[in-house]
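Trainee: Residue strings, one per chain:
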Amino acid sequence: MALIDLKKKEIYCKIVYYGPGRSGKTTNLLYIYNALPDKFKGKLLTIETKGERTLFFDLLPLSLGKIKDLDIRLQLYTVPGQALYKPARKIVLKGADGVVFVADSLRIRREKNKESLADLREHLLEWQMDIHEIPLVFQYNKRDLEKMGIPILSIEELQEDLNKDLKAPYFEAVAPKGIGVFETLKTISKMSVRYIAQKYLK
Amino acid sequence: MGVLILTPEKVARLEKLLHDYLIAIGVNLALLIDEAGNILVSVGQNEEVDVTSLAALAAANFGATNQIAKLLGEDDFSILYHKGKKDNIHLSKIGEDVILVTVFTDEVPLGLVRLKASQVAKEIQAL
Ligand SMILES: Nc1nc2c(ncn2[C@@H]2O[C@H](COP(=O)(O)OP(=O)(O)OP(=O)(O)O)[C@@H](O)[C@H]2O)c(=O)[nH]1
Ligand SMILES: [Mg+2]
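Protein chains in written order, with the numbering used here: chain A, 1 to 202; chain B, 1001 to 1127.
For the record, the hints were derived by calculation from the structure and aren't laboratory data. We put the beta carbon where it would ideally sit given N, CA and C, even for glycine. Treat the hints with care, since some could be wrong.
[Unchecked claim] Here are the simulated DSS-like pairs of lysine-lysine, each with C-alpha atoms no more than 27 Å apart in a straight line:
id, chain 1, residue 1, chain 2, residue 2
1, A, K8, B, K1093
2, A, K66, A, K43
3, A, K8, B, K1122
4, A, K86, B, K1070
5, B, K1016, B, K1122
6, A, K43, B, K1085
7, B, K1016, A, K8
8, A, K7, B, K1085
9, A, K66, A, K164
[Unchecked claim] Computed far set for chain B versus chain A, every beta-carbon distance over 10 Å:
id, residue
10, I1089
11, D1106
12, V1108
13, I1124
[Claimed, not checked] Cβ-Cβ distance ranges computed for the label pairs, FRET-style:
id, chain 1, residue 1, chain 2, residue 2, range
14, A, L125, B, H1082, 28 to 34 Å
15, A, E122, B, D1050, 28 to 34 Å
16, A, E122, B, I1068, 19 to 25 Å
17, A, K43, B, A1126, 34 to 40 Å
18, A, L36, B, K1122, 41 to 47 Å
19, A, D130, B, R1114, 35 to 41 Å
20, A, G51, B, I1068, 21 to 27 Å
21, B, G1084, A, P176, 36 to 42 Å
22, A, F182, B, G1111, 50 to 56 Å
Kindly produce the complete structure, drawing on both the sequences and the hints.
Mentor: Encoded structure:
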């Protein structure tokens, strides 16, 4: 649920990074956190296990840009990708205004990507949201692995598997190096804010 | 997907209610948050507390506890309370989508917080 505070002149927008375990969701937030100067960002909150896997969620609050005379406040969340944490994913997704699906380009993760997208579809429906309606961007991450001789999926294959009927924007990425990270963020935040504004700020 | 629009008048009314019912009895911090973890209003002293994180965690805590309730066959738990050495936190649901968070020390009796929280909830729902 988006929030528009006309007293503080702020619009709050919740963006959730979704995808299978180890696809690079937390890495996206870490890169953004490290790249931005303090005035644009709040505290990075992480709830993780000892092995650095997300246990519940990460949260990074950002303050970027304006629409009309409202300051845009983005709340970036990640879900825990491991199959086990399905209930936590449902909770984090509640009230999302936009979703980034971070897919793993590793060929051996092909089925995991598809399962995770099906899981997203299902949870959105549980919150009465339609995957075709909510702003959505795909990020095909770990494109660097090809150079290391590790078999990865081609963009055509990823598009065919995940984005064939959704036809959402997509970006290739190498999250630890920041490649594709801000492109993804810019696109999803524009789409989400515009989506909220169209409906509620006439 | 819904959007909540807070007008300055509404914010002022909510702040006054939280003041009159909760800050008046000695509660240090009172927040209204939605279930996405957004802060609707916050009153009281909060320089030391990172309220953004607090709101996100409180909403997640509530969400997790509701899932536990379902596993146990309960509808949901509408009140959560955590006791610390110094600070206590009380979370209660207002209607479908809003959670009232209060932080207070042992000097304020829990029973009084409960009572005032349920009274203010009725007033807020009436708005
Ligand atoms: N080579 C390479 N490694 C990456 C890339 N993106 C992430 N990684 C690595 O993959 C591992 C997992 O990344 P995380 O960001 O923790 O994955 P996650 O999606 O948050 O995983 P969960 O929290 O379990 O859902 C880390 O060791 C990252 O450094 C990439 O583009 N290329
Ligand atoms: Mg993670």
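Trainee: Of all the hints given earlier, name the ones this structure violates by number, lowest first.
Mentor: 8, 9
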